[in-house]
Amino acid sequence: MTRSPRTVAATLLAIATLALAAGCGGGSSGAAAPGTSSAAGAPTSAAGSSSAAGGSSAAGGSSAAGGSSAAGGSTAAATGPKASISVLIASSGTAETSAVQAAAKAWNTKTGNTATVTAAQNMDQQLGQAFAANKAPDVFYLDASKLADYASTGALYAYGDKAAGASDFYPTLKDAFTYKGTFYCAPKDFSTLALEINSAMWTKAGLTAADIPTTWDQLTSVATKLKSALPGVTPLVLSTGHDRVDAFLVQAGGNLLDKNGKPTANSAQNVTGLTYAKSLLQKGLLQFNTQVGAGWGGEAFGKGKSAMTIEGNWIAGAMSADYKTVKYQVVPLPAGPAGKGTLAFTNCWGIPASSAHKQQAVDFVNAMTAKDQQLAFAKAFGVMPSIQSAAADYAQQFPAFKVFLDGASYGVGPVKAPKLSAILADYDNQLTKLETLGPKNILSRLQKDLPSSS
Amino acid sequence: MAAATTAEPIAPASRPLRRKHGGGTRGPERTTGWLFVSPAVALLVLFLAVPVLMALWVSFTDWNGIGTPFRLNVPKAGLRNYTDLFTKDGLTRQDFMTSIRNIFYYTLLVVPLQTSLALSLALLVNGKMLKAKGFFRSAFYFPSVTSSVAITTVFLFVFNGGALNSILAKVGISGPNWLNDSNGVVQNLLGALGIADPANPPSALVNHGFLSLTWWDWIAGPSVAMCAIIALVVWTTAGTFMVIYLAALQDISADIEEASLLDGANPWQRLRYVVLPMLKPTTFLVLTLGLIGSWQVFDQVYLATQGGPDKTTLSPAYLSYTSGFKDHSWGVGSAMAFVLFAIIIIFTLLQRFIMRDRTEAKARSRRRAARRAKVG
Numbered sequence: 001m002t003r004s005p006r007t008v009a010a011t012l013l014a015i016a017t018l019a020l021a022a023g024c025g026g027g028s029s030g031a032a033a034p035g036t037s038s039a040a041g042a043p044t045s046a047a048g049s050s051s052a053a054g055g056s057s058a059a060g061g062s063s064a065a066g067g068s069s070a071a072g073g074s075t076a077a078a079t080g081p082k083a084s085i086s087v088l089i090a091s092s093g094t095a096e097t098s099a100v101q102a103a104a105k106a107w108n109t110k111t112g113n114t115a116t117v118t119a120a121q122n123m124d125q126q127l128g129q130a131f132a133a134n135k136a137p138d139v140f141y142l143d144a145s146k147l148a149d150y151a152s153t154g155a156l157y158a159y160g161d162k163a164a165g166a167s168d169f170y171p172t173l174k175d176a177f178t179y180k181g182t183f184y185c186a187p188k189d190f191s192t193l194a195l196e197i198n199s200a201m202w203t204k205a206g207l208t209a210a211d212i213p214t215t216w217d218q219l220t221s222v223a224t225k226l227k228s229a230l231p232g233v234t235p236l237v238l239s240t241g242h243d244r245v246d247a248f249l250v251q252a253g254g255n256l257l258d259k260n261g262k263p264t265a266n267s268a269q270n271v272t273g274l275t276y277a278k279s280l281l282q283k284g285l286l287q288f289n290t291q292v293g294a295g296w297g298g299e300a301f302g303k304g305k306s307a308m309t310i311e312g313n314w315i316a317g318a319m320s321a322d323y324k325t326v327k328y329q330v331v332p333l334p335a336g337p338a339g340k341g342t343l344a345f346t347n348c349w350g351i352p353a354s355s356a357h358k359q360q361a362v363d364f365v366n367a368m369t370a371k372d373q374q375l376a377f378a379k380a381f382g383v384m385p386s387i388q389s390a391a392a393d394y395a396q397q398f399p400a401f402k403v404f405l406d407g408a409s410y411g412v413g414p415v416k417a418p419k420l421s422a423i424l425a426d427y428d429n430q431l432t433k434l435e436t437l438g439p440k441n442i443l444s445r446l447q448k449d450l451p452s453s454s
Numbered sequence: 001m002a003a004a005t006t007a008e009p010i011a012p013a014s015r016p017l018r019r020k021h022g023g024g025t026r027g028p029e030r031t032t033g034w035l036f037v038s039p040a041v042a043l044l045v046l047f048l049a050v051p052v053l054m055a056l057w058v059s060f061t062d063w064n065g066i067g068t069p070f071r072l073n074v075p076k077a078g079l080r081n082y083t084d085l086f087t088k089d090g091l092t093r094q095d096f097m098t099s100i101r102n103i104f105y106y107t108l109l110v111v112p113l114q115t116s117l118a119l120s121l122a123l124l125v126n127g128k129m130l131k132a133k134g135f136f137r138s139a140f141y142f143p144s145v146t147s148s149v150a151i152t153t154v155f156l157f158v159f160n161g162g163a164l165n166s167i168l169a170k171v172g173i174s175g176p177n178w179l180n181d182s183n184g185v186v187q188n189l190l191g192a193l194g195i196a197d198p199a200n201p202p203s204a205l206v207n208h209g210f211l212s213l214t215w216w217d218w219i220a221g222p223s224v225a226m227c228a229i230i231a232l233v234v235w236t237t238a239g240t241f242m243v244i245y246l247a248a249l250q251d252i253s254a255d256i257e258e259a260s261l262l263d264g265a266n267p268w269q270r271l272r273y274v275v276l277p278m279l280k281p282t283t284f285l286v287l288t289l290g291l292i293g294s295w296q297v298f299d300q301v302y303l304a305t306q307g308g309p310d311k312t313t314l315s316p317a318y319l320s321y322t323s324g325f326k327d328h329s330w331g332v333g334s335a336m337a338f339v340l341f342a343i344i345i346i347f348t349l350l351q352r353f354i355m356r357d358r359t360e361a362k363a364r365s366r367r368r369a370a371r372r373a374k375v376g
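So the protein lines, in turn, are chains D and R.
Numbering follows the working numbering, with no gaps: position 224 of the first sequence is 224.
Numbering follows the working numbering, with no gaps: position 313 of the second sequence is 313.
Note that these hints are calculated values from the structure, not bench results.
There may be inaccurate statements among the hints.
For lysine-lysine, the following BS3-like pairs were computed, each having C-alpha atoms within a straight-line distance of at most 30 Å [claimed, not checked]: (1) R/K88 - D/K262; (2) D/K433 - D/K340; (3) D/K278 - D/K448; (4) D/K82 - D/K358; (5) D/K180 - R/K326; (6) R/K88 - D/K433.
Given only the sequences and the hints, what does the whole structure look like? Please build it.
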């Protein structure tokens, strides 16, 4: 008699706990349920695999909670005939988030569908978790450098040729999202690198418009003049890493992979490109941002630590926000032995192969890549339209960006091979020691690490 | 310790008692017991055992992060993810060994520093003469209750924002470019002593190596950037361990101190021969917790340096994270986590062995020998 109430209490406690645990589990599968009811594709094991993602991240020592919320947004209107799609974006800031949200709202009103836009906190992580849990967002930003990772595993829906702008996208961008002959996804917008010059320092060093460098030799000579005229200022400061330095490889006619995806890191052209960069470093004409204590090239440029830098069109926003007083001009990157060359960076609107609303997703992307919409995005957060038919209007509205826009014709997209992140991180690290290690050592080490099969 | 010695004499007396009453009630008692612990057991299984087993499974696969890894046709890797970390000369092994080297030096500095700092602070705030004890105790504990994200951000300003260097400049020292300086302090020291020139290291060390790293890299010591992180971590964690030490210090009864005073022990002798031996179990706890925490460092690396400069702050936990989320090599990432787990276990066991109570161990082996003699 004395023991039974205790047993009862314990039993109740246990039941309550189990109910609580079941409730939590039900909560997460409940988020997936609306999608499942209207969509045949979503698997029933969603709850199980979502905890799998949690498991591997726990082992990795990270606290990766909350990432899964990205995919769960689409609950409303699932029962109606129209689809509800989730859109995950890696936003550059509130301007971009609200612009995309406004565009999605307009699309919702027009089509009767429901697109829910979520801005990711950590895109790589959230996308990885969503794919692992089979709850990938129906539309998401995909960086060109990540294309191969997703395309090689069959996770991407290849709708590129079906997109409304298929024939209108810049060839460079189409190429950036083509993996093994398949054009996967519609480019969202793009950026290219150009040379920014501090006008006041330029004049102070006695240089004029006629001195603007168009070749490597001219770049060396103006940098030498800037160095002697402006003590304490580095002529050219670059952000570290292959996203800047590889421009020299491209200008020398090289690249890390050839057209077929075969590694060509240690080619003679690449050695020429890095050797030129090394010569600038040795003469003190070039320094990396970390050497001058700046977060990136634009910071060194804005703070007057450098007279020139090589950055993309995003620098305009930073300059007008943080360094209003600095006057500068933007010119194309000087040509190397193989002519003009720059790097192009771009994102596409990825659609997962597992999406249950591919048709609506493509329709959404078509709306986002339409000319007027792209020009609106350009106005809202300073990106360049990915379609050629918008070029004239864009150049008219944003004459200052013409140099960046022109880069589309001779720019080269990122290297495309899966699982490159650690290898490129190692390459970036080696590049910071370019002066001591030498181009050949760095490039042959990279060649050894790059996956040999295409 | 104190509990163990007091429990010992009671235990033999109570044992026969329990046996007499045991029989009838043991059954329902067991059910009730299990029912009482069931919430905890359920939570542990759900959130600890299952995820660990899942990660273990992933470490034997080449799962690419798409769809669930718990299906039959997921590409299997067998032990390859593990063997690649040790036997295959490549970037994976090199990165992993670099992270092991980094974290080894990190642990070597962090654990002794934070333990001694925690003990000193605890002795200070335990002092009878100290005014405003409460204030000092909370002040020293404060960093431990602050989010590591906030602290790391503040330290970024201190080290990278130039706050520290401008203070150093006032006293005529030109400080290094802290979080961007990849030079190993041992290498710098060798250079300063004129034994080896860091710019032109001895070829005997550079041309030979072990597990993808040259000997020169192995002996580099923590980089300047890593030292900044070490300073950050020691400052943050010392408060927690101070509280643990403080609790143990207050447990030491006043009569023991009085007895040692009567015996004529000076303050140093009282600390060395009375207080420290009595703190031994606490020291074991602090060292173990410190060791485990050190091997797992992630937040500070993730926020401050992302493994740079020159991979000198790469930690195994951070590397495991990037292999998964950046490289989509989830199997390799999980394998790293399990190797890290094994390393931590080995080091903890080693530390237990070193710190074991020698007299007690001797007594135990004597008892064991006596029992064996009785049986034989």
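Open item on the list: If you test the structure against every hint from before, which numbers come out violated?
Closed with: The structure conflicts with no hint, since it agrees with every one listed earlier.
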